[in-house]
Structure formats: structure tokens, C-alpha cells
Amino acid sequence: MKPKALGRRQFSIGLGAVALGGFHTAQAQGEARIVLGQSAAFTGPAAQLGVQFNQGAKLFFDQFNAQGGVGKRLVEIRTLDDGYEPERCAENTKKFIADDVFALFGYIGTPTSLAALPLFTQARLPFFGPFTGAEALRQPFNRLIFHVRASYYDETALIVRQL
0 MKPKALGRRQ
10 FSIGLGAVAL
20 GGFHTAQAQG
30 EARIVLGQSA
40 AFTGPAAQLG
50 VQFNQGAKLF
60 FDQFNAQGGV
70 GKRLVEIRTL
80 DDGYEPERCA
90 ENTKKFIADD
100 VFALFGYIGT
110 PTSLAALPLF
120 TQARLPFFGP
130 FTGAEALRQP
140 FNRLIFHVRA
150 SYYDETALIV
160 RQL
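Take 0 as the starting number for the sequence shown in numbering that gives the first Met the number 0 and just add one per residue.
Hints in this document: simulated from the structure, not taken from any laboratory. A hint or two may mislead.
Per label pair, the in silico range of CB-to-CB distance [as the list claims (entries may be wrong)]:
(1) 44 x 99: 40 to 48 Å
(2) 149 x 66: 23 to 31 Å
(3) 43 x 148: 15 to 23 Å
(4) 140 x 67: 30 to 38 Å
Taking lysine to any residue pairs in the SDA-like style, the calculated list, with each CA pair at most 20 Å apart, reads [claimed, not checked]:
(5) 94 x 42
(6) 93 x 144
(7) 57 x 79
(8) 94 x 69
(9) 57 x 84
(10) 71 x 34
(11) 94 x 84
(12) 93 x 75
(13) 71 x 60
(14) 93 x 61
(15) 71 x 31
(16) 93 x 80
(17) 93 x 69
(18) 94 x 34
(19) 93 x 71
(20) 57 x 145
(21) 94 x 71
(22) 94 x 61
(23) 71 x 61
(24) 71 x 110
Predicted model only: the values in this text are computed from it and were never measured. For every residue, glycine included, the Cβ atom is placed at its ideal position computed from N, Cα and C.
Please work from the sequences and hints to get the whole structure.
What follows is the structure in C-alpha cells.
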């Protein structure tokens, strides 16, 4: 099966589905903004991934917001640096949960995403677009995780097929 790239329209529909999906944080945030929390490496060995992912997301959401956002609600990304350290990521995730963000977004890497997994699952907080292909975030299925990249297995299968 050939994986499909996630385009802007699909991303917008996915974000809108999350926004309208009845998660407990939707009402808590009021009408003004949809706040996404991003814990990522902005320092340390994976800093380039975190910085580039964040810059790309900000470009997208700036344009998305200029077009009216989600039902006239603008999307805001709040970022915290975890330096690609699972313990720091867990603390950042706890802070985002306490701050009642709408969803977690754009976490970079497997070890940090796995550190956040029990926290966002317990809080019933959507985890959107993690930058990892780890199977541990796919099996067992978790309805709170919204992947926008292929699994490592799928990536490897396609690489081998190209040889």
C-alpha cells in the first residue's frame, strides 16, 4: 500500500476534527484560541529537528490563522525546550496539561514521545503529529495519537522496494 502524504487540506481537516471532537479541553479554552503545546528539542543533539519543525509549523499556522483558523478560532503554538531529554519532556507535558492546552503537537523523537505517552493518555489529551515512526506509539492503538508520518516499518519497506 502506498502511503499518502498529508497535505494542507488533510492537516486542516484533521485539526478541525480534533477541535470539534468533544475533547474536554475544547470548552475550557473558550472561544478565542486553540492552544497547542509543543515540547521539542530546541537545544541539544536534536535541536535542528525541533527548530525546523517548529518554524515550519509556525509558517503553516500563520497562514492558516490569516484565513480564519478553525471556525474563526486562531491556533497558537506554545513551545517548551526539552533538549531531547525524556525527563524534561515529561515535565513539559505535565505543565501543558496543567495549563489546559487543547492538544500536544509536534513532539520530536521517540524517547521524548514515549515519556509523554502515559501522561497525555491519562489526561485524555490529543497528541497530534509526533515526529517519530516508532511502533510503540502505534501498537496498541491509542485513539488520542494522530500520526502524520509513516511508521519506521513502512519507511523501511518502501526503501527496500526502491532498491
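So, going through the hints one by one against the coordinates:
| no. | hint | verdict |
| --- | --- | --- |
| 1 | 44 x 99: 40 to 48 Å | violated, 31 Å |
| 2 | 149 x 66: 23 to 31 Å | holds, 28 Å |
| 3 | 43 x 148: 15 to 23 Å | holds, 21 Å |
| 4 | 140 x 67: 30 to 38 Å | holds, 33 Å |
| 5 | 94 x 42 | holds, 19 Å |
| 6 | 93 x 144 | holds, 17 Å |
| 7 | 57 x 79 | holds, 14 Å |
| 8 | 94 x 69 | violated, 25 Å |
| 9 | 57 x 84 | violated, 23 Å |
| 10 | 71 x 34 | holds, 14 Å |
| 11 | 94 x 84 | holds, 16 Å |
| 12 | 93 x 75 | holds, 18 Å |
| 13 | 71 x 60 | holds, 13 Å |
| 14 | 93 x 61 | violated, 26 Å |
| 15 | 71 x 31 | holds, 8 Å |
| 16 | 93 x 80 | holds, 13 Å |
| 17 | 93 x 69 | violated, 26 Å |
| 18 | 94 x 34 | holds, 13 Å |
| 19 | 93 x 71 | violated, 28 Å |
| 20 | 57 x 145 | holds, 19 Å |
| 21 | 94 x 71 | violated, 27 Å |
| 22 | 94 x 61 | violated, 24 Å |
| 23 | 71 x 61 | holds, 13 Å |
| 24 | 71 x 110 | violated, 35 Å |
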